[in-house]
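J.: Just so you know, the sequences run in chain order Z and C. Under the numbering used here, the first residue of the first sequence carries the number 107, and numbering increases by one thereafter. Under the numbering used here, the first residue of the second sequence carries the number 13, and numbering increases by one thereafter.
It is possible that some hints are incorrect.
Unchecked claim - A few chain Z residues that don't get close to chain C, going by computed Cβ distances all over 10 angstroms: (1) R138; (2) P188; (3) V201; (4) T232; (5) S251; (6) A253; (7) R375; (8) P382; (9) G389; (10) L391.
To be verified - If you want the footprint, here are the derived chain C segments under chain Z, 3+ residues with CB under 8 angstroms: (11) 15 to 29; (12) 76 to 83.
In short, the hints are calculated from the structure, not lab data. Virtual Cβ for every residue (Gly too), placed ideally from N, Cα, C.
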Amino acid sequence: MVFAVHFTASVLACWLAAQVLAASTWTWRAPRVAIVCWQAVGLALGLSAMGVPMAWGLAAYDRPTGSALLALATDLGHGTLPVGVGPVQLGLVVVGFGVGAVLLTTTARSVHATVRAQRRHRDLLTLVARRDPNVPGALVLDHPSAAAYCLPGVRPRVVVSAGTLDLLDRAELAAVLTHERAHAQERHDLVLLPFTALCRALPWFRWVRDAHERVALLVEMRADDKARELHAEASLAGALRRFAACGDRITPVGALGVGDRDLDARVRRLMLPDRPPRLIGAGALALATVLVALPITLFLS
Amino acid sequence: MTRLGDLERAVMDVLWDSVPATSDGVTVREVADALDGRELAYTTVMTVLDRLAGKGMVQREREGRAWRYRAAASREAHIARLMLDALDLGGSRDAALVRFARSVTGTEADVLRAALGAQTGRTDRVDDPRAARARLADEATDR
Chain Z
107 MVFAVHFTAS VLACWLAAQV LAASTWTWRA PRVAIVCWQA VGLALGLSAM GVPMAWGLAA
167 YDRPTGSALL ALATDLGHGT LPVGVGPVQL GLVVVGFGVG AVLLTTTARS VHATVRAQRR
227 HRDLLTLVAR RDPNVPGALV LDHPSAAAYC LPGVRPRVVV SAGTLDLLDR AELAAVLTHE
287 RAHAQERHDL VLLPFTALCR ALPWFRWVRD AHERVALLVE MRADDKAREL HAEASLAGAL
347 RRFAACGDRI TPVGALGVGD RDLDARVRRL MLPDRPPRLI GAGALALATV LVALPITLFL
407 S
Chain C
13 MTRLGDLERA VMDVLWDSVP ATSDGVTVRE VADALDGREL AYTTVMTVLD RLAGKGMVQR
73 EREGRAWRYR AAASREAHIA RLMLDALDLG GSRDAALVRF ARSVTGTEAD VLRAALGAQT
133 GRTDRVDDPR AARARLADEA TDR
């Protein structure tokens, strides 16, 4: 009983932490810490979502969920179940495993789809993109629209369109390329992967999509920080502004509007640099550790 | 770039640049002749074309004892496909590309989709590539 309450409290704490993280702006000053916190919340939520039905089903054993599961397995082997463990309780345990299976399979399917789409993209790049002496280490797509992106992977590709080359000056382009290489080096695609998978598994939960968007923005800010280590802030901010100016601000697609707001936030934090919030950051990391540790200890003890 | 990727690109360049859109394709021999400078074996060219057919990049039709090959879609259509992915307009986030910033006008998006749709339809492919190129050129001057 008490363990079921623990798991339920853990789910609530994760939900609350996600709300607070989504609303905070200190995260913009410490994107890496914030990304770790989001990952911790995601992991803790997944484990707790499995744990809640299991712990209710195993309440009769009155011990931590991990050892209760072992005891249940032994009892099932002997064909004798203790008092208070009936079909309903067994059903709850099955639901718990089901939640875990759904989470794992959606992640696996997401990885599979991503690998296929990226291979297709890479094959096409090999056939139609060209190298350009002005942008060493990057591929150029001959298209007038402006785009700059990174195709992640073991052998990542940084790609810019001809429109981007027209749009940016030399310093701005260099800053953008460093930004993209940071994505590739720190494997930001893997950071985003579990959140993309969650969005697929639970498409009707608005706050799951919000979490995905927040993490995507933090990843961009992290890459901005890496670019700022090598290039002047003004170049990067200038590049962002130029992208914003040539884009369409009036659009029926809601997602693009969010992109615009995020772009403004990124420019502002580049122009008004602030010291990283060490105290809040340390506190957030400690809380995140507790959040993850709670369901893990319940499963392992 | 791998050697194989390099060869595939060279072969596609022949199909895109040397073959008029109105023709009904070229034979392996003609592609090998066009790649004269590389001194490739006939079988190598055949293997590359076979691979490209497997990937859906080229279409082939049997004519007598030989196959005739042609590009399944124009270079412009492939670039449009990549740009739609890059700008997150393709309707699928599967490619998981991390982009610097997204910036595209509504008309640009329409042009990209049109360039792609016209090609995947593959019905009137005769003047599609040129039409797409003309539209893209218009777009460039608009901006």
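J.: Taking the numbered hints from earlier one at a time, note which ones the structure violates and give those numbers from smallest to largest.
T.: The structure breaks hints 4, 5, 6 and 12; every other hint is satisfied.
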